[in-house]
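Chain residues, written in single-letter form:
4 protein chains.
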Amino acid sequence: MMIVIMQASATMREKSAVIAWAEDAGCHVHLSEGNERTVIGIVGNGRPLNKEQVERMPGVERVVSVLKPFKIASREFKPENTTFPIGNHMVGGKGIIIMAGPCSVESRSQIIETAHAVKEAGAHILRGGAFKPRTSPYSFQGLGEEGLKYLAEAREETGLPVVTEVMEPALVPLVCEYADILQVGARNMQNYALLHAVGESQHPVLLKRGMSSLIEEWLMCAEYILSHGNTRVMLCERGIRTFEKYTRNTFDINAIAVAKHLSHLPVIADPSHATGRWEYVEAAAKAAVAAGADGLIIEVHPRPEEAMSDGVQSLKPERFAQLVREMKAVAQAVGRDIE
Amino acid sequence: MMIVIMQASATMREKSAVIAWAEDAGCHVHLSEGNERTVIGIVGNGRPLNKEQVERMPGVERVVSVLKPFKIASREFKPENTTFPIGNHMVGGKGIIIMAGPCSVESRSQIIETAHAVKEAGAHILRGGAFKPRTSPYSFQGLGEEGLKYLAEAREETGLPVVTEVMEPALVPLVCEYADILQVGARNMQNYALLHAVGESQHPVLLKRGMSSLIEEWLMCAEYILSHGNTRVMLCERGIRTFEKYTRNTFDINAIAVAKHLSHLPVIADPSHATGRWEYVEAAAKAAVAAGADGLIIEVHPRPEEAMSDGVQSLKPERFAQLVREMKAVAQAVGRDIE
Amino acid sequence: MMIVIMQASATMREKSAVIAWAEDAGCHVHLSEGNERTVIGIVGNGRPLNKEQVERMPGVERVVSVLKPFKIASREFKPENTTFPIGNHMVGGKGIIIMAGPCSVESRSQIIETAHAVKEAGAHILRGGAFKPRTSPYSFQGLGEEGLKYLAEAREETGLPVVTEVMEPALVPLVCEYADILQVGARNMQNYALLHAVGESQHPVLLKRGMSSLIEEWLMCAEYILSHGNTRVMLCERGIRTFEKYTRNTFDINAIAVAKHLSHLPVIADPSHATGRWEYVEAAAKAAVAAGADGLIIEVHPRPEEAMSDGVQSLKPERFAQLVREMKAVAQAVGRDIE
Amino acid sequence: MMIVIMQASATMREKSAVIAWAEDAGCHVHLSEGNERTVIGIVGNGRPLNKEQVERMPGVERVVSVLKPFKIASREFKPENTTFPIGNHMVGGKGIIIMAGPCSVESRSQIIETAHAVKEAGAHILRGGAFKPRTSPYSFQGLGEEGLKYLAEAREETGLPVVTEVMEPALVPLVCEYADILQVGARNMQNYALLHAVGESQHPVLLKRGMSSLIEEWLMCAEYILSHGNTRVMLCERGIRTFEKYTRNTFDINAIAVAKHLSHLPVIADPSHATGRWEYVEAAAKAAVAAGADGLIIEVHPRPEEAMSDGVQSLKPERFAQLVREMKAVAQAVGRDIE
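Chains as they are written, first to last, in the numbering used here: chain A, 257 to 595; chain B, 257 to 595; chain C, 257 to 595; chain D, 257 to 595.
So that you can see chain A by itself, here it is in the shape it has in the complex:
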């Protein structure tokens, strides 16, 4: 269903061409003639319409799509919240899930030490990067499969399920062997080959919003994954890029409520990337809980000043433990809980 707004100067011939296009496509047409504009409503036949073709027709000023471009991801398709268990915890329900751990897996001892610390502080899931997308080819790129093995060991020791990033389709099977949740990073949100691969994997996915993605585009990327029958998708708001540079990103707190309004998928917030500085992580984390997030993913490092990446935005375990206590209070204030 589309609405075609004709230019004021559009001729009868141009209007007729649009109507003919619509009828050829098997659509119904509604015509509204105002003093200054003609508007043509095109009611489809079930198949998607190629809006761009109409936009390019002579005399057309603009075309408005009536329907949202995503389907399976939408609340209209599935009104109730999507929930599913990860380990012993349910994602998308009343309980809020806490994922925590270092930016990068740096060594066996570092990840195991951190896993114990975040578990004790109340985290439900361990995060840690084995394959790292880095701006510079000269920066530490992660330990690779070795890092995955350490993550698996940390899981064995603590019982915490593991979320870790996968950066290319060819590595999806490998990462699936070790991880409980596949993270698609912000830079790869529109890496469609990767979306297809994680969709096919049937593994739970944490889909980070791209740094300049519209909420609608983010949901379209979820749709790519869902269209493979993989329903266990979590959306992750991690801040967007704006003119403001005091913080690393601008935390789009509105996006949490909007995504939950438009979609049934759980929404996780990443206050570490959304602020980029540990001093602001706590305020952002509590705000996310108050705004309705279903979970948080927070960077924690035992010695942030020695971290190989993202130390600036990592909390120490004690601060993290304190934050979990504070988030619990906020969760209760908004009718949720953190187990």
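Just so you know, the hints here were simulated from the structure itself, not pulled from any lab data. Any given hint could turn out to be false.
Because identical chains share one entry, a pair is satisfied inside a single copy or across any pair of copies.
Mimicking DSS-like on lysine-lysine, the simulated pairs with C-alpha atoms at most 27 angstroms apart in a straight line are [as the list claims (entries may be wrong)]: (1) 307 <-> 324; (2) 375 <-> 584; (3) 584 <-> 572; (4) 501 <-> 405; (5) 572 <-> 271; (6) 271 <-> 327; (7) 324 <-> 271; (8) 584 <-> 334; (9) 327 <-> 572; (10) 307 <-> 501; (11) 572 <-> 307; (12) 271 <-> 501; (13) 375 <-> 572; (14) 334 <-> 271; (15) 324 <-> 501; (16) 327 <-> 501; (17) 584 <-> 350; (18) 501 <-> 334.
The hints should help you fit chains B, C and D onto chain A, whose structure is shown.
Relative to the frame of chain A, chains B, C and D by itself:
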């Protein structure tokens, strides 16, 4: 204090010219010679240095200011929070202040009805626009002085102090006669003539952040007001303009914590403009409380579907009353309260 | 004329309410019922419709305005280009107008020296700021009326008409005494009191685009001026604020062609602010000519490294003279000329 | 080389810790003590320094990197322009290269017809997408290898070398078989696995700037490719995402001159994506030539209103031919030429 990074190709003569400029300005100079760059540290003499002049000198790659450009507004200047009473309530203290009311004063009965409703729901201050900045010259521009009179009447009936916008220097005295707080709108944040006038008025000021203002620029505008000895300035985060258009603005929740970190001034959040749609106001308001805001300003209208402006983002009184109850719970969870 | 897209879940009662609203407003209604959505077309009665009221009605998903919000500024209202003389030159015609001079008037000798230099290099109009909007209250704020007098003297000596900024309504009469063109700065684009004042002055106006203004908002501000019967308005694209910080602003070169497409008003480009660094001014200036600009305003200073403001983006007179020669060649290549 | 700005409140112990860190890393330290701040200059030992670790140390306010993060891509590394032949034409020299063709290869006849048309109009290289990154999983995703075969056939018929997008590392060898230039799309600019793969391929690469990439990040991605010894990299500016939505993207014309200033690599402009509407492509294309672009990539379709993608921004062959004539005139005006 400035740091001058010279180009790799800078000549000895070019370096000497920078040093001579600094010494002529009565500054001390520290030289760091690396393999690839020379860096010149310039330690000032107490007077502001003209960074731009150095940037324009041959061989200079860039100049980094060490000090923040705002002084009186900074926490370094005044480490403890600024607090002051408005009516019977203290702004900037443990209590969170709630300002509420319609976008525009539309009639005597509308503003008085709304004032009673928001008071009953728990608001401490009445908002309402008499002079309205409107994108179109053909839209309702506010009732002007008549609107101010109705606001004053509403204050008399309810005891609620009044905040209203002033749009030009010449009208500051008139607005001061009727209002308890002068609002400087987002579009006028860098209207320096207006900043001078509200600074001289010695009236409390609510300074909205411009829609594309850096946090630093916002604090510089507070500095304009403070530099007239007017210390009762509240900062107001009301959303910034970004690529995301699903919401009217992007609520920069980070900015609350950052502004409180950099400055001693109270920070108020405006979830109505920050989202632009009433469905999302509640999530944003609770998030602001969780993030540390000292107050909120919220649009409330008894019949939003008849509002002459901003009806889309206005809450009905019942929803607002419910929201105040929820915000109270969040406030307590973060160690604050709403009386 | 508006199109109302109802939510999928909208009830018959909600649809009827929208239709009743439209009929009460004296409008015609067209109904399109698709499988998934109902769309209601509202054809107006000549008076502006309050879109926001409909947006707030229950069951409404969104409302699309069919008509552009600006009228007198639009090409539909006036298809042919607006042209008018400034001094001996016609703005908006085949010839491209060059305005040049320092950011600030710093002294009598500085402005007179610069006026001679830019005239000799080929400029048609002298620019120079007497009242300066500065981010910091501690920076040089301009010479004020003294600066205006020096500008008038420079005009007398060289014959170049003068463009200078006016920052508050109360000063419009004073600035009109001395200046040939009133500049409304980017920070004041939506200072509506100022727009009314310059509209009433009947003086030619150079309206800079706000740093985060939509093209449509910029044209609405022109509409404010035009609505006072002041038809001599020039639009000025001076760069917008984006995430990219290597340059001071992002030159929205597209906006030149778009503004000329939507409006009949002349469009001037400001490559100095659009780049913020003199090294890039030349490329931007030539690009603006190639893209169809009707004029340029360029900062020139005899000794940029001593300038009290904007030295970094100011050209020296020799570079400027060379640039004028190069712009002439580009102008000819696109069927324009620079006299 | 880094500059560490300590907080005003930094203790002697905190300063000593930074100095100790630097000395442990084998660096030299320069100390500047001002009245209000201490600044520590750290001169490295040739190996990259981990700026983030220092940023996380207590008492540190911020850290400024003196050196640019890219090396092989920089003009400091290689002052003269990079040039290399594609087919019979030299990229990066005095001549400006024109790439043209449809967004998608839709059929054998369509691409061959278009190839003849753009060749006749003056294009040097044929563009056409076989693998298409599409926002929706339900949109046409390209013909895949079949499309590559048609492109190769078109090359055989016309002699035009072919540029086409590759979207995943596993397909690089296949695309290399058919294409002369590998395009890395905007959405994949930071798909590091893909950058490594095209780097290793030793095939010429057209690297599109990500829609929210800093110029510096774009050059870092070029560095990824260059670091594999693949020196034939072209940068492509295709518009960035901003708040302005009238055009599909905001053409960052400044970025052309900046990229050429910072790097020796050729810079290509894509006016089709940078505007998103065919009406504005011509102005943008001529502006790009005037601003110093080394080439253009332009979407041309024989029947845009039937195109399966991007018809709105595609020129018809006649308009394209006219545009090439106009660009030739602009090229000559700025001392370049189009053969």
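Structure-based check of each hint:
| no. | hint | result |
| --- | --- | --- |
| 1 | 307 <-> 324 | both (13 angstroms within a copy, 21 angstroms between copies) |
| 2 | 375 <-> 584 | within (15 angstroms within a copy, 31 angstroms between copies) |
| 3 | 584 <-> 572 | within (18 angstroms within a copy, 30 angstroms between copies) |
| 4 | 501 <-> 405 | neither (37 angstroms within a copy, 41 angstroms between copies) |
| 5 | 572 <-> 271 | between (65 angstroms within a copy, 21 angstroms between copies) |
| 6 | 271 <-> 327 | between (31 angstroms within a copy, 24 angstroms between copies) |
| 7 | 324 <-> 271 | both (25 angstroms within a copy, 20 angstroms between copies) |
| 8 | 584 <-> 334 | neither (29 angstroms within a copy, 33 angstroms between copies) |
| 9 | 327 <-> 572 | neither (41 angstroms within a copy, 32 angstroms between copies) |
| 10 | 307 <-> 501 | between (37 angstroms within a copy, 17 angstroms between copies) |
| 11 | 572 <-> 307 | between (51 angstroms within a copy, 19 angstroms between copies) |
| 12 | 271 <-> 501 | between (48 angstroms within a copy, 26 angstroms between copies) |
| 13 | 375 <-> 572 | within (13 angstroms within a copy, 44 angstroms between copies) |
| 14 | 334 <-> 271 | between (38 angstroms within a copy, 24 angstroms between copies) |
| 15 | 324 <-> 501 | between (32 angstroms within a copy, 15 angstroms between copies) |
| 16 | 327 <-> 501 | between (35 angstroms within a copy, 20 angstroms between copies) |
| 17 | 584 <-> 350 | both (12 angstroms within a copy, 21 angstroms between copies) |
| 18 | 501 <-> 334 | between (38 angstroms within a copy, 24 angstroms between copies) |
Checked against the numbered hints given earlier, this structure breaks hints 4, 8, 9; the rest are met.
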